[in-house]
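Residue numbers (UniProt numbering), protein chains in the order written: chain A, 1 to 430; chain B, 1 to 430.
Just to be clear, a hint being listed does not mean it is correct.
Intra- or inter-copy, both count: the list cannot distinguish identical chains.
Unchecked claim - Below, computed lysine to aspartate or glutamate pairings styled on EDC-like, alpha-carbon distance capped at 16 Å:
#1 430 with 365
#2 208 with 73
#3 208 with 265
#4 182 with 256
#5 208 with 74
The set of hints was computed from the structure by calculation and includes no laboratory data.
Protein chains: 2
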Amino acid sequence: MHAIILSIGDELVLGQTVDTNSAWLGERLATRGIPVRYHHTLADDRDIIAEAIRHAADRAELVLITGGLGPTDDDLTRQALADAMNVQLVEDAASVEAVESHFTRRGREMPERNRVQALHPVGSTIIENHNGTAPGITATLGNATIHVMPGVPREMRAMFRDLIEPTLTPDAGQRHVILTTKLNTFGAGESTIADMLGPLMDRQRNPKVGTTVSDGIVSIRLRAEFPTTDEAEQQLDDTLAQVHEKLGALAFGREDQTLANAVVELLTKRGQRLVTAESCTGGLISKMLTDVGGSSMAYVGGWVTYSNLMKMEQLDVAKDDLDTHGAVSETVARAMAEGALRHVRPADVSLAVTGIAGPDGGTPDKPVGTVWLAMARREERQPDTFHTRTLLLALSGDRDAVRDRAAKSALQLLRLDLMDQPWDLIQWAK
Amino acid sequence: MHAIILSIGDELVLGQTVDTNSAWLGERLATRGIPVRYHHTLADDRDIIAEAIRHAADRAELVLITGGLGPTDDDLTRQALADAMNVQLVEDAASVEAVESHFTRRGREMPERNRVQALHPVGSTIIENHNGTAPGITATLGNATIHVMPGVPREMRAMFRDLIEPTLTPDAGQRHVILTTKLNTFGAGESTIADMLGPLMDRQRNPKVGTTVSDGIVSIRLRAEFPTTDEAEQQLDDTLAQVHEKLGALAFGREDQTLANAVVELLTKRGQRLVTAESCTGGLISKMLTDVGGSSMAYVGGWVTYSNLMKMEQLDVAKDDLDTHGAVSETVARAMAEGALRHVRPADVSLAVTGIAGPDGGTPDKPVGTVWLAMARREERQPDTFHTRTLLLALSGDRDAVRDRAAKSALQLLRLDLMDQPWDLIQWAK
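Next comes chain A alone, as it looks inside the complex (with noise of 0.2 Å):
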């Protein structure tokens, strides 16, 4: 069985709206062991569409259709299956009390204009929509299966899922099952991690290893085509073990993984507490642990010290090394570091960053780009003797890259330092 995915509307192919639901369906159908012919962007005219769905229907045995039900004028998905179908639209009596009830328990009374909504062809069927107005249709045309769909994501998602995904069965004999995974890394470029996996990323190996970059984490994509599930299983455990063994502890974690969720999870199984001070990150660096749900248990907050005020009168930045040194300076960073496990009795390490951001505030001696990070740790039985390491990185990029790029490699300089790992894993430090 193969499948082809058409998506409709006008602010698709303007651009306006970025298609994200043939990507999120054509990865349902891989893992599912249907592979996808092709996707179809159309915008609202109703001959090119029923075109479409007639091409289609000629070259894969299950078509899906999303958007174009709404109640407008606009929406011409359902009049261009009946053409393309070649018969008339008919009212489903149960689909117009079911938008009708929509409406009704929203308080409000139904618009006519929603009633266009029930209209389906003649000799398809109606897939009720738990999550709004529009319900679904699927018909047969020649050799073809179509489901046509809301093109609100989260209603077409929920529809698919539970009431279309069920029905599908792909042919026993041809059935390749693709499974995918991903495994995070942070510290070395694309080109690096590459020569470090050498052979695993042969383009004809099956499980099929390549790299992404997204905000510098460089992703390994693993794909496995099998004829069973568990040996696709199988074979992508195999390929991932031998990925993992080549990349060391630049790997942070799998799929959506963030590197905040492994230091907040590192932190809380250690016992340890973090506090922050940060300058150039202004806060990111915060914001990343705090986005991981149950993180007070391993981080006790921190400053945002943007101005020179703030690092002297809250941190105990000397004006002397603000001064002798400037802002972005190894001592700066050093004193942050201490100044904040200083004020912070309970907690056991810190993170400290200053540097330039951009796109202003550059010199030839400390381009933009220029970070350095500090980090403290409480000496055991000495509350008040820190053990502080440094780094300077020089980082490439506009001001986003930097900061995006300055506060993850904190992180990933604190995880790397309580795993006992050497920090010289990180790429980017000069």
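Starting from the structure of chain A, add chain B where the hints point.
What follows is chain B alone, placed relative to chain A:
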């Protein structure tokens, strides 16, 4: 002239990557008055690509193709284009040199497999790539002009902007210029905004007015379609003025402007300086403010008091108040805002946030989404006296949503205050 856009790549069809190239190209073409018939996303399959190229060339005078120009066996767009044109591939000597020098500049030798990137169908011409190794191709098939570009967004965008867009000349006679713009609001839901806009949102209207929501920001999208650029601009401006009038101070900016942009601009203009004290938002307000380049003129810094300890020790919140009212209370929000202002003498105004972001920590009295905001302002002639206002929010959604809306509400409140506008525009105030 009409256009069709094809995107090539297994990763797109499988949903591992969301296709953003098509939306970007669709928007560029729309602003030049070239309507797009459809986007087509295709797997790395030579026959399917060739068929789609023929299909597109039959239906549009302009076909834009991205992807499938890399050096590996999976990259089949060149061959498929030659198939569609019914010709052979030839090597372009200048391109071999260009690819070679791309590697030489990086101190590496050209891998032999990159030579394939200099191939192009007989009768087509090469488009230079100044940002990567894959040259583009311009070809003619029937009445259609076809441009093939690399799939890497950065390379594709540069090639299109610099070398392809200047060659596009829509037929003067039937030209329809489509101009779009976006006005951003925060503080009311989409349906409230729709009610305020009323007949301006009529679907038949030109310029057309629609709304989209993203992370609590309701954006009003305007789309003007007219024979000339002048007329489209004039009409767009006129409708924008009407929209502005209906929405008043809820609207904070155009296009990509953020609430933080608007706040930093207002503070800078009035010569005022802000300090923050964040609990549940955990640095998100700081992060948003310091996302803005040059924000240090207006933003001094702040505290992330993620623990009661930090609230007490750094902001002088009374232990009694925490015990009696809880950390999420009007009293504590007020104490945080005033404590921040007391500690930073040069600051004129402070924002404080304390709330329950979830997923845990909610109670029947204070469910997840309960957030107290406070804003303190230093009295002009009495620097130790503060004028403080508070607001209780009842937010819905998950942890990310509660934190995001709380931070944006705080920024919008400050903005309204700076503009002498009433706070009750914020719809989710309790």
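Now the hints, each set against the structure:
In this assembly of identical chains, the alpha carbons of residue 430 and residue 365 lie at most 16 Å apart only when taken from the same copy (14 Å versus 52 Å across copies). Only between protomers do residue 208 and residue 73 lie at most 16 Å apart by alpha-carbon distance; the minimum there is 14 Å, versus 46 Å within a single protomer. Taking the shortest Cα distances, residue 208 and residue 265 never come within 16 Å of each other, neither inside one copy (30 Å) nor across copies (50 Å). For the identical chains of this complex, residue 182 and residue 256 are intra-copy neighbours only, at 8 Å inside a copy versus 31 Å across copies, given an alpha-carbon limit of 16 Å.
For the homomeric pair residue 208 and residue 74, the shortest alpha-carbon distance between copies (12 Å) is at most 16 Å, but the shortest distance inside one copy (43 Å) is not.
Violated hint: 3 only; the structure is consistent with all others.
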